[in-house]
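*Asks:* Can you make the complete structure from the sequences, with help from the hints?
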Amino acid sequence: MINFEEELARFSPIPEVNQTQDAIYNNDLKDLSDIVSQVTAELLAKEPVSNSVVRR
Amino acid sequence: MATARPVLCPSCGAHVMKNGYCSQCGMNLYVLKKAYNTSNYYYNLAYDKACARDLSGAVDFLLLSLRYNKKNVRSRNLIGLIYYEMGEVVKALAHWIMSANYKPEKNLAVRYLKALRKDPERLDAVDRIARKFNMALAYAESENYDLAIMQLKSAISDNPHFVQGYLLLSLLYIHAGNYEKARVALRRVLKIDKANPLALHYLREMGTSDEIIIRMRSESIENDGLLSDVLLSEEGREDDQLSVKKPEKKKPIFQEIKAKKNENVVRTGDYSQISLAKYSGLYVFVGLVLGVLLFYFIVMPGQTRKQKSENESMVKSYSEELSDKNAKISEQESEIERLKGELENKELAIATAGDAAMPDYSDVRGGMSDEDLEKMVETE
Numbered sequence: 001m002i003n004f005e006e007e008l009a010r011f012s013p014i015p016e017v018n019q020t021q022d023a024i025y026n027n028d029l030k031d032l033s034d035i036v037s038q039v040t041a042e043l044l045a046k047e048p049v050s051n052s053v054v055r056r
Numbered sequence: 057m058a059t060a061r062p063v064l065c066p067s068c069g070a071h072v073m074k075n076g077y078c079s080q081c082g083m084n085l086y087v088l089k090k091a092y093n094t095s096n097y098y099y100n101l102a103y104d105k106a107c108a109r110d111l112s113g114a115v116d117f118l119l120l121s122l123r124y125n126k127k128n129v130r131s132r133n134l135i136g137l138i139y140y141e142m143g144e145v146v147k148a149l150a151h152w153i154m155s156a157n158y159k160p161e162k163n164l165a166v167r168y169l170k171a172l173r174k175d176p177e178r179l180d181a182v183d184r185i186a187r188k189f190n191m192a193l194a195y196a197e198s199e200n201y202d203l204a205i206m207q208l209k210s211a212i213s214d215n216p217h218f219v220q221g222y223l224l225l226s227l228l229y230i231h232a233g234n235y236e237k238a239r240v241a242l243r244r245v246l247k248i249d250k251a252n253p254l255a256l257h258y259l260r261e262m263g264t265s266d267e268i269i270i271r272m273r274s275e276s277i278e279n280d281g282l283l284s285d286v287l288l289s290e291e292g293r294e295d296d297q298l299s300v301k302k303p304e305k306k307k308p309i310f311q312e313i314k315a316k317k318n319e320n321v322v323r324t325g326d327y328s329q330i331s332l333a334k335y336s337g338l339y340v341f342v343g344l345v346l347g348v349l350l351f352y353f354i355v356m357p358g359q360t361r362k363q364k365s366e367n368e369s370m371v372k373s374y375s376e377e378l379s380d381k382n383a384k385i386s387e388q389e390s391e392i393e394r395l396k397g398e399l400e401n402k403e404l405a406i407a408t409a410g411d412a413a414m415p416d417y418s419d420v421r422g423g424m425s426d427e428d429l430e431k432m433v434e435t436e
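Protein chains in written order, with our numbering: chain A, 1 to 56; chain B, 57 to 436.
Note that these hints are calculated values from the structure, not bench results. Mixed in with the good hints there might be a few duds.
Pair ranges (Cβ atoms, derived) [to be verified]:
{"id": "1", "chain 1": "B", "residue 1": "Cys81", "chain 2": "A", "residue 2": "Met1", "range": "47 to 57 Å"}
{"id": "2", "chain 1": "B", "residue 1": "Asp116", "chain 2": "A", "residue 2": "Glu5", "range": "18 to 28 Å"}
{"id": "3", "chain 1": "B", "residue 1": "Lys174", "chain 2": "A", "residue 2": "Ser12", "range": "43 to 53 Å"}
Taking lysine to aspartate or glutamate pairs in the EDC-like style, the calculated list, with each CA pair at most 16 Å apart, reads [claimed, not checked]:
{"id": "4", "chain 1": "B", "residue 1": "Lys126", "chain 2": "A", "residue 2": "Asp34"}
{"id": "5", "chain 1": "B", "residue 1": "Lys237", "chain 2": "B", "residue 2": "Glu261"}
{"id": "6", "chain 1": "B", "residue 1": "Lys247", "chain 2": "B", "residue 2": "Asp110"}
{"id": "7", "chain 1": "B", "residue 1": "Lys127", "chain 2": "A", "residue 2": "Asp31"}
{"id": "8", "chain 1": "B", "residue 1": "Lys126", "chain 2": "A", "residue 2": "Asp31"}
{"id": "9", "chain 1": "B", "residue 1": "Lys237", "chain 2": "B", "residue 2": "Asp202"}
{"id": "10", "chain 1": "B", "residue 1": "Lys127", "chain 2": "A", "residue 2": "Asp34"}
{"id": "11", "chain 1": "B", "residue 1": "Lys89", "chain 2": "A", "residue 2": "Asp31"}
{"id": "12", "chain 1": "B", "residue 1": "Lys247", "chain 2": "B", "residue 2": "Glu275"}
{"id": "13", "chain 1": "B", "residue 1": "Lys126", "chain 2": "B", "residue 2": "Asp116"}
{"id": "14", "chain 1": "B", "residue 1": "Lys127", "chain 2": "A", "residue 2": "Asp28"}
{"id": "15", "chain 1": "B", "residue 1": "Lys89", "chain 2": "A", "residue 2": "Asp34"}
{"id": "16", "chain 1": "B", "residue 1": "Lys90", "chain 2": "A", "residue 2": "Asp31"}
{"id": "17", "chain 1": "B", "residue 1": "Lys90", "chain 2": "A", "residue 2": "Glu16"}
{"id": "18", "chain 1": "B", "residue 1": "Lys126", "chain 2": "A", "residue 2": "Asp28"}
{"id": "19", "chain 1": "B", "residue 1": "Lys127", "chain 2": "B", "residue 2": "Asp183"}
For each residue, glycine too, the CB sits at the ideal point set by N, CA and C.
*Replies:* Next up, the structure:
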């Protein structure tokens, strides 16, 4: 049976047109290149060795 | 010898070293290429789903595609288009703005945004619908269900493709025990989004049979939304060349919402009934042409062949007769020649015989009188 409260909680308010900017800024989507960059940066920060060693 | 072009990192734009790593951000180019390919793969899956009007499924795949490459402009454009079709215009705008930001030229998102900017009334309507939905949600949360239903009905009448509105309305109807009205709202959702998981979940919970659900899903929606076949064909698959249509070829991308309000309007155009009576003249003409062609190509050759054979046999008989006549004539001529020769011989023989029988008049003197001549003739 449908639990009305649970189902109602699935719905969220719809942004209005003047909130488009917020919608864009809040859409902080990380793609694979972001994750790889982040991991590389963390590795470099953890082990401050030459780039060539890390890349090998 | 031409020098090789330096490979630039798609992520930061710096040079890529020979080992395949970016000299600045340290990104492995091979990994990046794999990610972009995967992003395109999910875009293609989403495109197929969108063509089949499985909009929720398409959105899921597009979000996956953007996880692999957030700068995939086609994925951004298509997800915006789907959100617009489902009545979530602000989400659509956000994706289109980001798409236009990543690629300002030769991008369909720029065209969509321009079309929206040209129509400020539409944006007002979008705002109005969002406000009504938010109010309805607030009413529902505060258990003012009747007010919530009124607000939702008003929002849906402004945009008949507002999927979230239909879903919330059906939930309120289910809560009120009005399953028939809930089914009507969910049926409309399945017309717009054929595999909407929430709509299917509500229908199954209400005890709707799979057969009826399948029938609901097979119902087609009028192509009056933004997600028309024309626009989907413009989006195209990832393998295709990106082609932006010329401005003069643009189709109106926003349906007239007011026209949709009136259910009693008899739609004309592609799917209107076609009267075949106006083609009766054409049918007669085509029948005549076919008759003439039949006569010329089937009846006439037989007749011609028959006539030709008759003529040939006639010519043959006449020529035989002519040759017989000629033979007879030549025979007659030769007979005549022969007879002429015989006649000449006879005349010659007669002449020689006559000369021998004639009396000798050598002793006749010149002074013969007439009496003597008569006497001589008488004696002769």
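*Asks:* Confirm or reject each hint.
*Replies:* Status of the hints after comparison with the structure:
no., hint, verdict
1, B/Cys81 to A/Met1: 47 to 57 Å, "holds (53 Å)"
2, B/Asp116 to A/Glu5: 18 to 28 Å, "holds (26 Å)"
3, B/Lys174 to A/Ser12: 43 to 53 Å, "violated (30 Å)"
4, B/Lys126 to A/Asp34, "holds (9 Å)"
5, B/Lys237 to B/Glu261, "holds (15 Å)"
6, B/Lys247 to B/Asp110, "holds (10 Å)"
7, B/Lys127 to A/Asp31, "holds (9 Å)"
8, B/Lys126 to A/Asp31, "holds (6 Å)"
9, B/Lys237 to B/Asp202, "holds (14 Å)"
10, B/Lys127 to A/Asp34, "holds (11 Å)"
11, B/Lys89 to A/Asp31, "holds (13 Å)"
12, B/Lys247 to B/Glu275, "holds (6 Å)"
13, B/Lys126 to B/Asp116, "holds (14 Å)"
14, B/Lys127 to A/Asp28, "holds (13 Å)"
15, B/Lys89 to A/Asp34, "holds (14 Å)"
16, B/Lys90 to A/Asp31, "holds (13 Å)"
17, B/Lys90 to A/Glu16, "violated (37 Å)"
18, B/Lys126 to A/Asp28, "holds (10 Å)"
19, B/Lys127 to B/Asp183, "violated (28 Å)"
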